[in-house]
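Trainee: Kindly produce the complete structure, drawing on both the sequences and the hints.
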Amino acid sequence: MLLRQRDTNASWDLREGLRIGRLSENDIVLADASVSRLHAQVESRGGTFWLCDLRSSNGIQLNGRRAQEFPLRPGDLVTVGSLAFDVEGEVVAAPAPKREDVSNSEALPSFSKVSDREREEIRAELRQRQTSKGFGDLSQQPFAIRVAVYLGALGFLAAIAMGARWLSNSI
0 MLLRQRDTNA SWDLREGLRI GRLSENDIVL ADASVSRLHA QVESRGGTFW LCDLRSSNGI
60 QLNGRRAQEF PLRPGDLVTV GSLAFDVEGE VVAAPAPKRE DVSNSEALPS FSKVSDRERE
120 EIRAELRQRQ TSKGFGDLSQ QPFAIRVAVY LGALGFLAAI AMGARWLSNS I
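Residue 0 is where the sequence shown starts when you use numbering that gives the first Met the number 0, and the numbers rise one by one after that.
Please keep in mind that the hints were generated in silico from the structure rather than gathered at the bench. Where hints are given, some of them may not hold.
Using C-beta positions, here's what the derived DEER-type ranges look like [stated by the list, open to error]:
#1 Arg116 with Arg18: 29 to 37 Å
#2 Glu119 with Ile144: 20 to 28 Å
#3 Gly63 with Ile144: 26 to 34 Å
#4 Arg18 with Arg164: 53 to 61 Å
Just so it is clear, CB atoms sit at the ideal spot from N, CA and C, and this is done for glycine as well.
Mentor: What follows is the structure, encoded as structure tokens:
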């Protein structure tokens, strides 16, 4: 099976340990602001490839549904950040997963195949989605950075208030 990027038509064979992200050390390097440095990784479980989010900012989606991890099947639409990929290849009957591969089978998400109309809606939504520039969404930043930004904003507001008070006293 392979993963084909929709915009560029580039493709990569799926294999255990395949990493996706912005860093040059990744197997699939995606130079897009919506993709984290270490975004996702492919794992093999019971003969099935799974895509697992590596705590990325913008997450991964399967057929328009965001999830932390999911199995990959031919015909699936996978979204990494705001970039769309198709999973292509033969449908191979995988052996049943071992007990240790699936710790809680009720926790596994159920994903259905997506119709062409739904795929078009997902593509349109991805095209409209804005990618973050610079700092991005503050809620995606580590706690220490959020605290520093909030304290800086409070300091800035205090400086404005003190400047206004000083100007009103000097006039």
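Trainee: Are the hints correct? Go through all of them and say.
Mentor: Hint by hint, here is what the structure shows:
For the hinted restraint 29 to 37 Å between Arg116 and Arg18, the CB-CB distance of approximately 33 Å keeps it satisfied. Remark: the range hint 20 to 28 Å for Glu119 to Ile144 is contradicted by a beta-carbon distance near 38 Å. In this structure, Gly63 and Ile144 meet the distance hint of 26 to 34 Å, their C-beta atoms being roughly 30 Å apart. Between Arg18 and Arg164, the C-beta spacing of about 54 Å keeps the proposed range 53 to 61 Å intact.
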